[in-house]
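Same order as they appear, the protein sequences are chains P and V.
Residues in the first sequence are numbered from 1 upward in steps of one, following this note's numbering.
Residues in the second sequence are numbered from 1 upward in steps of one, following this note's numbering.
Treat the hints as calculated values from the structure; they're not laboratory data.
In this text, a Cβ means the ideal position worked out from N, Cα and C, and glycines have one as well.
A hint or two may mislead.
Claimed, not checked - Residues from chain V that keep clear of chain P, each with C-beta distances beyond 12 Å, as calculated:
#1 D65
#2 L95
#3 S103
#4 G110
#5 E184
As the list claims (entries may be wrong) - Here are the simulated lysine-lysine pairs, BS3-like style, with alpha carbons at most 25 Å apart:
#6 K239/P - K188/V
#7 K99/P - K14/P
#8 K99/P - K188/V
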Amino acid sequence: MKFSEIFPMNLNLKAKKKNTYDAIVVGTGISGGWAAKELTENGLNTLVLDRGRNVRHPSDYPTATMEPWDLPRNNRITPEDEEKYHIQNRTGWVNEATKHWWAVDTDQPYIEKNRFDWIRGYHVGGRSLMWGRQSYRLSQMDFEANAREGIAIDWPIRYEDIEPWYDYVEEFAGISGQPEGLAHLPDSKFLPAMELNCVEQHSREKIAEHFNGRLMTIGRVANLTQPHSGRGACQFRNKCNRGCPYGAYFSSNSSTLPAAERTGNMTLRPNSIVNKVIYDEELGRATGIEVIDAETLDVVEYYARIIFLNASAINSTLIMLNSRSNRFPDGLGNDSGELGHNIMDHHYRVGASGAIEGFEDRYYWGRRPNGFYIARFANIGNDRRDYLRGFGYQGSASREGWWRGVRELSIGAELKEFVQTPGQWTMGMTGFGEVLPDHRNHMYLDFDQTDKFGQPLIVFDCEFRENELNMREDMKNDAAEMLEAAGFKDVTTYDQETGMGLGIHEMGTARMGRDPQTSVLNEWNQVHACKNVFVTDGACMTSSACQNPSLTYMALTARAANYAVEELNKQNI
Amino acid sequence: MSMDRKEAIKRTALIMGGIVFAPSALGVLKGCTARPGVDWNPQFFNTDQARLITDLSDIIIPDTDTPGAAAAGVPAFIEEMVSTAYDEDAQNQFLSGLDAFNSLAREAHGNDYADLDPEVQYQFADDQNRAAVGGEHLDEEGTAFFLQMKELTLMGYFTSEVGAKETLRYEKVPGRYEGCIPFEEVGKTWAT
Chain P
1 MKFSEIFPMN
11 LNLKAKKKNT
21 YDAIVVGTGI
31 SGGWAAKELT
41 ENGLNTLVLD
51 RGRNVRHPSD
61 YPTATMEPWD
71 LPRNNRITPE
81 DEEKYHIQNR
91 TGWVNEATKH
101 WWAVDTDQPY
111 IEKNRFDWIR
121 GYHVGGRSLM
131 WGRQSYRLSQ
141 MDFEANAREG
151 IAIDWPIRYE
161 DIEPWYDYVE
171 EFAGISGQPE
181 GLAHLPDSKF
191 LPAMELNCVE
201 QHSREKIAEH
211 FNGRLMTIGR
221 VANLTQPHSG
231 RGACQFRNKC
241 NRGCPYGAYF
251 SSNSSTLPAA
261 ERTGNMTLRP
271 NSIVNKVIYD
281 EELGRATGIE
291 VIDAETLDVV
301 EYYARIIFLN
311 ASAINSTLIM
321 LNSRSNRFPD
331 GLGNDSGELG
341 HNIMDHHYRV
351 GASGAIEGFE
361 DRYYWGRRPN
371 GFYIARFANI
381 GNDRRDYLRG
391 FGYQGSASRE
401 GWWRGVRELS
411 IGAELKEFVQ
421 TPGQWTMGMT
431 GFGEVLPDHR
441 NHMYLDFDQT
451 DKFGQPLIVF
461 DCEFRENELN
471 MREDMKNDAA
481 EMLEAAGFKD
491 VTTYDQETGM
501 GLGIHEMGTA
511 RMGRDPQTSV
521 LNEWNQVHAC
531 KNVFVTDGAC
541 MTSSACQNPS
551 LTYMALTARA
561 ANYAVEELNK
571 QNI
Chain V
1 MSMDRKEAIK
11 RTALIMGGIV
21 FAPSALGVLK
31 GCTARPGVDW
41 NPQFFNTDQA
51 RLITDLSDII
61 IPDTDTPGAA
71 AAGVPAFIEE
81 MVSTAYDEDA
91 QNQFLSGLDA
101 FNSLAREAHG
111 NDYADLDPEV
121 QYQFADDQNR
131 AAVGGEHLDE
141 EGTAFFLQMK
151 ELTLMGYFTS
161 EVGAKETLRY
171 EKVPGRYEGC
181 IPFEEVGKTW
191 AT
């Protein structure tokens, strides 16, 4: 129900004033948290919305300190919950310790014309609570790739445009890692690196020795290796995805939202599903947003001078496609027809593993919430392949634990003693491959079918194509080749069938570009034809590179938010 | 399981007015709490099944210088897994595997597994383990019941406080990461 239907004119104006802010941020995940922080710190009275319940740091992490024996069924969910989370659990990661972070699939349906694994967290903080925390800069090579190869459209920015903003967000977020001086994987402003373990260090050396230019380094990760920005250092419990009571990894809840709250300029409204952006045909700008209250299903409008969409690539695109007006009959800012198209992700779950002899007198202390990273080498320098772009690897080495006892010939006291000594060292790695933007890979809305909140259902129609499938062969074989060169035995390769989306790096559905005829956003993440709406989540990506993208979303968001404030001050928007 | 403990359990059961499986309090004495349900009142398994699971888990991981599976609450853990984590097909498969195991014991030794002497129980389980690891006794799903039981026992035991802290090494808050240290500084396999 709209306010105009229930209030007389003067009350309506009062209500409108009460619901008016300088800025609105839609979503509180990685990018929304940054938009909230930057806008409020610049003095803007900001309404911050999330579709899910509030999650306060650290009191709302119910399983954060639970021990293995505190969790039912050794952390396994019930068959009933498997049904409830049937898509989320395509990851295999929904468990008793984390199930409250995953979207309930039976409540939030969508349509898969082709398999699409849409993995989500619907609560304040979103996936920033659940993410893998791997943080890598894109490089000049990545920003130039589309133009150089004639793929899709060119990025409207280059590395030098984003470089200072990488510096800026890293100094606040805290990224630990090892400087390596690679041009195609630029170093961050690092906190001290975590250690590689014995076998990883051995492998780093052997790989460098056998393969010119291939580099294994410790994962660059948004975990604090020393106290930082008022948050505590990592305690190496490896329970990050339950929420960290020390605030030792970057999440909106522990980092950006508290910063926004400290300004006194943030109004946080959980349980607020943004349905539409309100576009004023006469003013030629967006004036606000329409919210469905997730608890009451009431419809409320809020107004602001600027709007940041940070609902995640897919949901920000849903909001825009659902914001139809005379000016934008196909969705807000969709003059190009590209809105919802060019979905990308990273394809993975392909690689190799093996075992290595030796190092039996060595072990490790602590549960490192991180592994190694092998920087991209395919199609760099003289390493030429019969497909475009490339892939990086993530993996780790460890010694076998008690589970090796299951297939042992012994039982009883002999077995009990046997498993008290750790087994051999094994190491595995999985590739993360770049996905090319392709207009055919798209999402659209089915306006005839709605969910329980009244929102149209999303239809996904996208798939991995020739370039990705060709690359997977190398992702598998190159992993095996490096393991063998490093002295591993019993090397086995794997290539698991995955849907697009399973990388949980979905992006590209409202891409940036110079030309309004071929892109949705400009070089400042502004909607070309509606300049007071900014989209700075994964939707904005013009290509995917092969690096984990969250750090880039942080940098682009901080950059766009500070630009928005400048433009507001100049009264340009 | 010793005959004394079997007696103790029978007595406890009489006192409680039902069948309760209460293994030794060794773990508790050492300062660790066993899994919830160590004083176990089976709901899903019948009495015969519960006796078999209790004895077999304790044969796989017995009391030594540290407590065994039953003292760590593993039988109740297995019931929890089978009754709440398995779907109906998997439950039926487990139960028929359990029956088949007991039938084999009866064929070989003329008595239910739970009524055999501990030495005979050990020998029979050891034979079954060797056959299962060697790939025999596969049901139609290709899962050897014995290995399934063994995995459940190890899983339940090493994710219990007793198994994790006393038999293996566990640090709630490690506080640091060191990637390459002499094994002696840890001394035992990490539980997790």
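Hint by hint, here is what the structure shows:
Here D65/V does not stay apart from chain P, with its beta-carbon only about 9 Å from theirs, under the 12 Å limit. Every CB of chain P is more than 12 Å from the CB of L95/V (nearest about 16 Å), matching its label as outside the interface. Listed as a non-interface residue, S103/V keeps its Cβ farther than 12 Å from every Cβ of chain P; the least gap is roughly 20 Å. Non-interface call for G110/V relative to chain P: holds, since the shortest CB-CB distance, roughly 22 Å, exceeds 12 Å.
At roughly 8 Å from the closest C-beta of chain P, the C-beta of E184/V falls inside 12 Å, breaking its exclusion from the interface. Between the alpha carbons of K239/P and K188/V the distance comes to roughly 22 Å, so the proposed pair stays at or under 25 Å and holds. Restraint check for K99/P and K14/P: the C-alpha separation of about 42 Å exceeds 25 Å, so the hint is violated. Using a Cα cut-off of 25 Å, the hinted pair K99/P and K188/V is violated, with the two alpha carbons roughly 32 Å apart.
Checked against the numbered hints listed earlier, the structure breaks hints 1, 5, 7, 8; every other hint is satisfied.
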